[in-house]
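As a plain string of letters, each chain reads:
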Amino acid sequence: MATTKITIKPRSYAKILLHAAKYPHCKVDGLLIGKLSNNGRDGLATDAVPLFHLGHGLTPMLEMALSQVEAYAESLKLSIIGYYQANEQLSESHTPDAFAIKIADKILSCNKFCSLVMVDNCKVSLSCQEDALVCYTNTEGKWKKDSQYSLEHSKETLSTLAKLMTDKAYKNLKDFDNHLDDISEDWTNANLNKLIAEAN
Amino acid sequence: WNIYEQIYIAALDCGREDLADVCLEALQQQFPKSSRVYKLKAMGLEATGNYKEAEEIYLKSLSRDKANVGARKRLVAIYKAVGDHPSAIAHLNYYLEYFMTDQEAWMELSDLYIKVMDYSKAAFCMEELILTSPYNHYYYQRCAEIYYTMNGIENLESARKYFAQSLQLNSKNMRSLYGFFMAASQLLQSQKISSKSKKDNSRYATWASAQIMERYQEFKSQSVTVENLGALLDSLTL
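Those protein sequences? They're chains P and U, same order as listed.
Numbering-wise (my numbering), the first sequence opens with residue 1 and increments by one.
Numbering-wise (my numbering), the second sequence opens with residue 201 and increments by one.
For the record, the hints were derived by calculation from the structure and aren't laboratory data.
Computed from a predicted model, the values in this text were never measured in an experiment.
For each residue, glycine too, the CB sits at the ideal point set by N, CA and C.
There could be a bad hint or two in this list.
Said to hold, decoys possible - Partial chain P-side listing against chain U, Cβ under 10 Å, derived:
hint : residue
1    : G55
2    : P60
3    : S67
4    : A71
5    : D97
6    : S184
Stated by the list, open to error - Partial list, derived from the structure: chain U residues whose beta carbon lies under 8 Å from chain P:
hint : residue
7    : K273
8    : I314
9    : K315
10   : E345
11   : T349
12   : G352
13   : M374
14   : Y378
15   : G379
16   : M382
17   : W407
18   : R415
19   : F419
20   : N428
21   : L432
So that you can see chain U by itself, here it is in the shape it has in the complex (with noise of 0.2 Å):
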């Protein structure tokens, strides 16, 4: 029966009503009072757009049973597919005050506050999903680009010491290589840092900027890219 819910909702994915409705009509008769099988019904309603329909189907689910934790996702997944960014952000925070240990969650509100450029209430997010997992290279490489975005000398340096942390982790991390490369070197062009900053955080832009042109020695010859970097990483480095 694992098999036929699958199918159902792969046949959701690709438009597949008529095969959709077998499945889901063989769920129903052999499960005919499953919330699960109601919250398919109600996938169902969301694939074909009458999210009012599918919409009225979980919050009944939740007034009988508020800890029907996937119809409260799917609420969720309504409200951001309608673009009710704010409702959706609400529901979610709603579930994570009872269920703070779900890691998707959490990163999926803060992609939604990204989306409203909330960045701080994002970066409190991520700095959620540091705590629960502190060796995820990718979590601090995250809150590092959100203090990227927030821009500022104070942000820009917590920036530049997440993407560190995550090059510690995994120095394989390119996006935390260029994001370190790139806080370090707009600190350097602010004004208002002080000379020992602008010393250290040179030190940091030009050892950045050898470790990029070092990974991509091995490309060298096959893109007029590589070449423009090693040219572009000097000027932002001045």
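Bound conformation, chain P alone (with noise of 0.2 Å):
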């Protein structure tokens, strides 16, 4: 099967990392939509859709995200191309759960495209000096490190979350869970991608 490769824009990035920071007592996760390419084997995440912080390992709430999202990707003639999750423990915190491979599964299996990413918390910090994430792909049913992840204008990215953090921008992250608890809340997150633009 040939390799996958996937490269992840600056808003996923910062938005993946504003929902682990907002959250740093709960796990959290989310979608990477995006478009592919090179048929199929190429993926460009141009946006992450934070899902949950609460009710892990549930099923009800995640597929009616899951419908959702994918409406919403499909209307911007995107798809769902990869799932992230953010652990609550410090160590280890970068190695896939069954929850987090049983989602990669269901995504590869709908979409044949599914990059799993999880985040390295021992990486994570407020000057963000270093790309915290690691990226999973599946090869022959198993998932292994991506060695072909990329995060695009590293550096710029890196700078622009360090202020983003600093100017506490995760306050105004939404998630799904959120939108749950008030339904005025916008889980697109059309302001919090203005002020990422912004800070670019």
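Both chains come to you apart, so use the hints to assemble them.
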């Protein structure tokens, strides 16, 4: 099976880390949406949709969220191309657990492409010195580290994120859980996207 | 002195070891033989990652006094932090045998069972909570989500009923409304249910779908996601 490659754009990276920063005591997860190219082998994650910080391991809200995000992605001529997760514990936080693998497998079977992105909590800091993501790709049924993962404009992305963290931009981030608590909250985060673009 | 304790814990949360040390020293001087201060010292060790030493302190406290609730709960927290879910579950079960009215503990145990994918035991914990607080809509909602995750006709029907009860107690619970819709539409798509059951579930799903769209009516203009929602719900109801 040909190897796949994922490139993560600044907005996606920022939203993943901001989601993790907003709920440092919880496991957070979400989806990556973007475009596929090179015969469906290369993925470009243009945006991230933060999903949950509570109630992991339970399916009803996850299924509803997956359907809604898929419809949203389609309306932008994009598709769901990945799943990200940031665990609560510090050590070995970048190893995918059974839930991450199940969800990623499901996305892979529906969309034929999925990048499983985990956050390495040891590399997360206010100053954002290093890229904190570890990406996994599915090779012959097993999820292995993706050696071809790249973060677009990594230096600028990290310094933009450092600025956003200091400005506490994560307070503006709304995930699907926030939306379920109050449906006036916009889980597509149009306002935050603007903030990220301005900070760039 | 309560303030000292609170600042100590806050300092640990923020990584301010210097401030934490000052508070702990003051507390130790004021209360030299206190088991409560001893527990705070162990929490400090936890905060710096010395889980082994903290565990020893808690086990020692428990050997002196089996009813030391604080120490037992911190032990569960340590096992959770290092990812040793079976030990956390064992200790929490032991605790609940003696303190069975502790609702927070039952919730925590339910979460731990979900983490290890033992959904039937997780549902049992939620049902214990429902027995103690039969008017708490959140417990019904959580229980329903667990049954939905377990899947299968009977479990989906239980899920639908629990979601319905949750909605009856709090009609604003969006998760329960979505959950009720999802359970009904999943049952609708199953081959194994009777035609009467199909009719009923179709009614439920249609009702729920209308309710959901009504809630979103106010925000229709704000987001494209609301338009998509209508189409999505229709496709799942057919």
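Against the structure, the hints come out as follows:
1. G55: For P:G55, the interface hint holds, since the closest Cβ of chain U sits about 7 Å away, which is under 10 Å.
2. P60: holds (5 Å)
3. S67: Because about 5 Å separates P:S67 from the closest Cβ in chain U, which is inside the 10 Å limit, the hint holds.
4. A71: Hint on P:A71: holds, closest Cβ of chain U at ~4 Å, below 10 Å.
5. D97: Where the cut-off is 10 Å and the nearest Cβ of chain U is about 9 Å from P:D97, the hint holds.
6. S184: holds (6 Å)
7. K273: violated (16 Å)
8. I314: holds (4 Å)
9. K315: Nearest chain P Cβ about 6 Å off; hint holds.
10. E345: holds (4 Å)
11. T349: Because about 5 Å separates U:T349 from the closest Cβ in chain P, which is inside the 8 Å limit, the hint holds.
12. G352: Violated: closest Cβ of chain P sits about 13 Å from U:G352, beyond 8 Å.
13. M374: It holds, given that the least Cβ distance between U:M374 and chain P is near 5 Å, below 8 Å.
14. Y378: Where the cut-off is 8 Å and the nearest Cβ of chain P is about 5 Å from U:Y378, the hint holds.
15. G379: holds (5 Å)
16. M382: holds (5 Å)
17. W407: violated (17 Å)
18. R415: holds (6 Å)
19. F419: holds (6 Å)
20. N428: holds (4 Å)
21. L432: For U:L432, the interface hint holds, since the closest Cβ of chain P sits about 5 Å away, which is under 8 Å.
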